[in-house]
Amino acid sequence: MGNATDEWIASACALCYGSCSIRAHVVDGVVVKIEGNPDSTIGKGRLCGKGVSGIMTLYDPNRVNAPLRRTNPRKGLGVDPGWKEITWDEALDEVVERLRKVHEDDPRKLFVQRTTTNTSSRVPINAFAGAFGTPNSWAAGGGLHCGNGAHVVAGLFHASWSLVPDFQHCEYAIYFGASKGHGAGHVAGSNIGDAADARVRGMKMVVVDPMCNFASAKATEWVPLRPGTDAALALAMANVIVNELEVWDAEYLAGKTNASYLIGPDGRYVRDAASGKPLVWDGERKQAVPYDESCPTSAALLGEYDVGDVRARPAFSLLRDHLRRFTPQWAEGVSTIPAQTIDRLAREFAAEARVGSTIEIDGKTLPYRPVAAIYFRGSQGHKNSLYNCLAIELLNQVVGASDVVGSALGFNPVSYGHPETGKPHFVPTAGPDGLMVTGTWVAPHLPYPFSDPRVPDSMSLSGLFPLGMNSPTLASSDQEELWSRFGLPYRPEAMISYGANSVMSVGNAETVAKTLERIPFIVSFDITLTEFSALADIILPDACYLESYDARPNAPFIFNHPAGLGEWSWPIKQPAVPPAGQRRPAPEVLLEIADRIGIREEYNAALNVYLKLDGPQRLDLETRYTYEEICDRELTCNFGPERGLEWFKEQGVISWPKRVEEVYWRPFLDVRVPVYWEFMVDLLAKAKPIAREHGLEWHDAYYDPLPRWLPCPSHEVDDASFDLYGFYYRDTIHTNSFTNENPWLDEASRLDPFSYAIAINATTARRKGLCEGQQVWLESVHGRRVRGRLHLTEAVHPEGLGIGGCAGHWAETLPVARGKGVFFNELLEVDWEHMSPVNLGLDTCVKLRVVP
Amino acid sequence: MVLKRQVTVRFLGFLERLAGRREASVEIEDGTTVQDLLSLLGEAYGAEFRAAVFRAPDQVQTHLRVFLNDGEACMTDDVTGPDAPAKVNLMVLPAFEGGG
Numbered sequence: 009m010g011n012a013t014d015e016w017i018a019s020a021c022a023l024c025y026g027s028c029s030i031r032a033h034v035v036d037g038v039v040v041k042i043e044g045n046p047d048s049t050i051g052k053g054r055l056c057g058k059g060v061s062g063i064m065t066l067y068d069p070n071r072v073n074a075p076l077r078r079t080n081p082r083k084g085l086g087v088d089p090g091w092k093e094i095t096w097d098e099a100l101d102e103v104v105e106r107l108r109k110v111h112e113d114d115p116r117k118l119f120v121q122r123t124t125t126n127t128s129s130r131v132p133i134n135a136f137a138g139a140f141g142t143p144n145s146w147a148a149g150g151g152l153h154c155g156n157g158a159h160v161v162a163g164l165f166h167a168s169w170s171l172v173p174d175f176q177h178c179e180y181a182i183y184f185g186a187s188k189g190h191g192a193g194h195v196a197g198s199n200i201g202d203a204a205d206a207r208v209r210g211m212k213m214v215v216v217d218p219m220c221n222f223a224s225a226k227a228t229e230w231v232p233l234r235p236g237t238d239a240a241l242a243l244a245m246a247n248v249i250v251n252e253l254e255v256w257d258a259e260y261l262a263g264k265t266n267a268s269y270l271i272g273p274d275g276r277y278v279r280d281a282a283s284g285k286p287l288v289w290d291g292e293r294k295q296a297v298p299y300d301e302s303c304p305t306s307a308a309l310l311g312e313y314d315v316g317d318v319r320a321r322p323a324f325s326l327l328r329d330h331l332r333r334f335t336p337q338w339a340e341g342v343s344t345i346p347a348q349t350i351d352r353l354a355r356e357f358a359a360e361a362r363v364g365s366t367i368e369i370d371g372k373t374l375p376y377r378p379v380a381a382i383y384f385r386g387s388q389g390h391k392n393s394l395y396n397c398l399a400i401e402l403l404n405q406v407v408g409a410s411d412v413v414g415s416a417l418g419f420n421p422v423s424y425g426h427p428e429t430g431k432p433h434f435v436p437t438a439g440p441d442g443l444m445v446t447g448t449w450v451a452p453h454l455p456y457p458f459s460d461p462r463v464p465d466s467m468s469l470s471g472l473f474p475l476g477m478n479s480p481t482l483a484s485s486d487q488e489e490l491w492s493r494f495g496l497p498y499r500p501e502a503m504i505s506y507g508a509n510s511v512m513s514v515g516n517a518e519t520v521a522k523t524l525e526r527i528p529f530i531v532s533f534d535i536t537l538t539e540f541s542a543l544a545d546i547i548l549p550d551a552c553y554l555e556s557y558d559a560r561p562n563a564p565f566i567f568n569h570p571a572g573l574g575e576w577s578w579p580i581k582q583p584a585v586p587p588a589g590q591r592r593p594a595p596e597v598l599l600e601i602a603d604r605i606g607i608r609e610e611y612n613a614a615l616n617v618y619l620k621l622d623g624p625q626r627l628d629l630e631t632r633y634t635y636e637e638i639c640d641r642e643l644t645c646n647f648g649p650e651r652g653l654e655w656f657k658e659q660g661v662i663s664w665p666k667r668v669e670e671v672y673w674r675p676f677l678d679v680r681v682p683v684y685w686e687f688m689v690d691l692l693a694k695a696k697p698i699a700r701e702h703g704l705e706w707h708d709a710y711y712d713p714l715p716r717w718l719p720c721p722s723h724e725v726d727d728a729s730f731d732l733y734g735f736y737y738r739d740t741i742h743t744n745s746f747t748n749e750n751p752w753l754d755e756a757s758r759l760d761p762f763s764y765a766i767a768i769n770a771t772t773a774r775r776k777g778l779c780e781g782q783q784v785w786l787e788s789v790h791g792r793r794v795r796g797r798l799h800l801t802e803a804v805h806p807e808g809l810g811i812g813g814c815a816g817h818w819a820e821t822l823p824v825a826r827g828k829g830v831f832f833n834e835l836l837e838v839d840w841e842h843m844s845p846v847n848l849g850l851d852t853c854v855k856l857r858v859v860p
Numbered sequence: 002m003v004l005k006r007q008v009t010v011r012f013l014g015f016l017e018r019l020a021g022r023r024e025a026s027v028e029i030e031d032g033t034t035v036q037d038l039l040s041l042l043g044e045a046y047g048a049e050f051r052a053a054v055f056r057a058p059d060q061v062q063t064h065l066r067v068f069l070n071d072g073e074a075c076m077t078d079d080v081t082g083p084d085a086p087a088k089v090n091l092m093v094l095p096a097f098e099g100g101g
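From first to last, the protein sequence lines are chains D and R. Counting in the working numbering, the final residue of the first sequence is number 860, and the numbers go up one at a time with none missing. Counting in the working numbering, the final residue of the second sequence is number 101, and the numbers go up one at a time with none missing.
Hint data in this document are derived by calculation from the structure and do not stem from the laboratory. Some hints here could point you the wrong way.
Said to hold, decoys possible - Here are a few chain D residues that sit away from chain R, every Cβ distance over 10 Å (derived from the structure): (1) ARG116; (2) ASP370; (3) VAL784; (4) GLU802.
As the list claims (entries may be wrong) - Pairs of lysine-lysine, DSSO-like flavour, derived with a Cα cap of 30 Å: (5) LYS92(D) with LYS109(D); (6) LYS620(D) with LYS88(R); (7) LYS620(D) with LYS41(D); (8) LYS109(D) with LYS88(R); (9) LYS620(D) with LYS657(D); (10) LYS109(D) with LYS83(D).
Cβ coordinates follow ideal geometry from the N, Cα and C atoms, glycine included.
Please model the entire structure based on the sequences and the hints provided.
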């Protein structure tokens with residue numbers, strides 16, 4: 009390992025959650041260079057600027073090197089914790105004593121949070137929460153901002169965490185607030201190359217975004233829109249496609265969705281009396297039959313039928329009528345995109361879909377639909393994220409461009425495993441009403457089916473909002489009021505944090521800090537001291553990614569693995585150098601804590617489930633294991649006894665070919681997806697009475713089975729002096745707030761005209777008498793303010809203010825990051841008014857005025 | 002004649018809190034499935050326990066994992082089969098592999 013004079017160590021990056029495969033060049037025990045690993049399809053030998061700069065994170069002189077104990081009992085923003093170095097024994101004695109008491113009293117009083125940046129935190133920390141017995145855990149702000157809408161919709165339609173165009177065959181991709189293939193996010197290194205190759209091949213790319221930056225700048229066309237209005241554009245496009253052009257893929261809709269299911273006047277499925285299955289109208293037999301007894305060519309999509317005493321219509325017929333109201337002219341008023349442009353985009357999308365065409369790949373004739381509508385952080389970061397993402401997804405669905413050649417692809421929801429072992433194995437299956445259940449998933453519960461709404465018993469209130477994945481109520485200004493309303497019988501008494509900086513990553517710091525101040529005991533695994541650390545009681549010095557093991561940096565494959573044909577790769581993460589100082593890898597420490605609290609059996613059982621360990625690799629519940637032993641078991645479980653951790657230390661990665669049935673899986677599996685969300689009728693009927701009974705303000709409009717555009721709070725601000733929409737974008741130079749302390753990335757940001765600035769439309773700025781480089785305040789209607797430097801550009805919507813990432817640190821322990829860039833999240837309210845009453849998504853656009 | 006037998010159920014994770022105990026002895030009939038056993042326990046330990054186990058009446062949470070001693074069981078497995086253990090470990094875990 010670190011003692012060799014000259015070697016290359018294969019591992020995985022952790023400067024963002026993309027987790028590209030890397031090789032670290034180690035000379036005389038010192039890492040001197042990091043490159044992409046060409047032996048792995050994850051990154052394909054490419055590495056972005058963040059990955060290269062990881063060396064500066066490893067050797068950051070401000071790393072935490074010993075456990076620390078707070079000496080100042082007072083907590084708050086700007087309060088010096090008075091850190092004092094203590095031994096590991098002292099630290100763990102205190103942590104174990106506090107956690108044991110909480111566990112004996114009520115395990116739900118433990119609140120667990122982790123970062124999204126380092127994917128190696130997932131299994132150890134979530135298994136610990138499950139074993140401890142607390143439902144209260146989250147991925148802090150990163151998880152909250154990015155996915156309550158986008159991930160749910162991608163899961164429902166693609167059995168995947170997100171989606172990309174089939175870069176190898178797509179001819180026309182339209183991105184809505186997404187940057188897949190342009191530097192940020194899931195498996196970024198691979199997607200960058202694949203997207204570039206697609207553009208060289210001739211794929212047309214349209215980017216709908218308030219800002220022309222990473223994706224837009226490389227696109228065929230940039231379509232600026234008012235922030236938060238993506239659904240208006242998508243619905244108008246869908247209207248043109250199905251009502252004016254009358255283009256749809258009837259075979260796909262009838263066979264692979266619920267578009268043919270008959271809907272009664274109450275908005276629910278009309279069901280077979282005997283089996284309870286939804287009925288469809290069989291045009292050949294001229295009668296209603298259960299959905300699985302009719303072939304796609306005879307199931308009606310249009311019309312109106314009498315089924316017993318009920319007058320019913322196919323869901324697609326309802327959808328088609330529903331869409332008529334969303335004209336391009338209406339959408340122009342909402343989004344500012346000219347109606348003519350909307351009409352043209354719809355026609356281009358419909359024509360390029362080539363409905364009815366096929367292509368032969370590996371001797372198999374497959375549907376060919378070379379268009380893709382892609383949504384992510386930009387379109388989803390709004391109160392109405394669910395409908396924004398659903399409306400965009402319907403573009404793919406109506407033309408059948410879903411997990412077939414050239415279309416929108418969920419990345420890797422089907423895996424039949426390594427040829428020698430058949431593992432990892434996961435395949436979507438048909439669940440209730442024939443609708444798809446994912447084969448594997450990443451978040452606390454599956455997208456479908458979900459639990460019945462009930463009086464919530466967790467801090468997240470997720471019991472009442474089963475479509476939510478993360479909840480702002482874990483750090484909202486009104487959390488106490490909401491918890492009291494629902495009679496939550498406990499309050500958080502302790503918190504474990506793993507690398508998260510929730511003071512900056514959720515919303516305004518004052519609100520989040522107040523929620524943290526109320527937690528009597530906080531222990532935090534950190535590599536540097538952040539704004540969050542300052543509110544902790546104990547700091548445990550974590551080993552960074554170049555100092556620790558992880559058997560699964562890219563598992564599950566629906567999160568961090570390239571889509572399309574090619575290879576599967578399963579790499580490991582391993583130390584390039586041993587941990588310096590007293591740093592210890594958090595997974596090892598969690599094993600010790602679990603053991604000393606007395607939850608070893610639970611922890612081993614949880615790890616068996618999450619890691620899918622079976623046979624001889626299953627952990628004995630009563631045995632104490634090291635984390636390396638657990639990694640070894642996961643690897644041998646998946647790849648055979650001869651390919652354990654030692655084999656992977658040498659090889660770094662194992663690869664095998666993908667099968668056509670894994671990549672273009674839709675025609676091969678008998679599963680359907682919901683273009684009509686009948687389950688919303690049931691959710692509303694069950695959730696609303698509970699909400700009303702507990703005095704919670706309610707909005708039925710969020711529970712329609714078909715999507716609409718609903719305004720964000722920022723769209724409803726009456727004060728005309730607040731005339732601009734602030735939003736943040738993912739700066740490819742940085743990941744969340746974590747990388748601002750990296751000196752190389754800081755230098756890159758200082759050289760970049762946008763990274764640390766507030767982008768404002770040049771015409772708008774001049775009209776206001778503002779000039780390039782001017783320092784200004786941005787002020788929200790709620791009186792929150794941040795200061796920053798203006799950069800005048802034509803590359804932002806005239807009503808927009810674009811801010812890069814999550815900068816503007818103030819912690820003295822972060823001397824590189826401190827005082828640089830703009831802390832956009834400071835402008836965000838975190839309360840019920842700004843979260844979605846259907847999936848708890850937090851609104852992240854805000855109406856602002858510029859104050860010179 | 003219906004044969005009955007005793008099994009010891011051990012509650013892991015937050016089921017221990019919901020059941021109010023770490024272990025319980027339960028009398029079951031021959032042919033009892035894992036889902037049947039969960040229903041029995043739901044009746045015995047109340048609404049909060051049932052809500053944790055069942056997502057809707059008669060529909061077990063999709064994320065439920067049940068351990069029969071050191072092996073994971075399906076809902077339709079017979080708890081009283083010829084190789085059935087005398088001790089059943091029960092644990093409820095969320096279905097995620099790790100989170101976003």
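Checked hints:
no. : hint                     : result
1   : ARG116                   : violated (7 Å)
2   : ASP370                   : holds (30 Å)
3   : VAL784                   : holds (34 Å)
4   : GLU802                   : holds (34 Å)
5   : LYS92(D) with LYS109(D)  : holds (24 Å)
6   : LYS620(D) with LYS88(R)  : holds (22 Å)
7   : LYS620(D) with LYS41(D)  : violated (35 Å)
8   : LYS109(D) with LYS88(R)  : holds (28 Å)
9   : LYS620(D) with LYS657(D) : holds (21 Å)
10  : LYS109(D) with LYS83(D)  : holds (22 Å)
Checked against the numbered hints given earlier, the structure breaks hints 1, 7 and satisfies all the rest.
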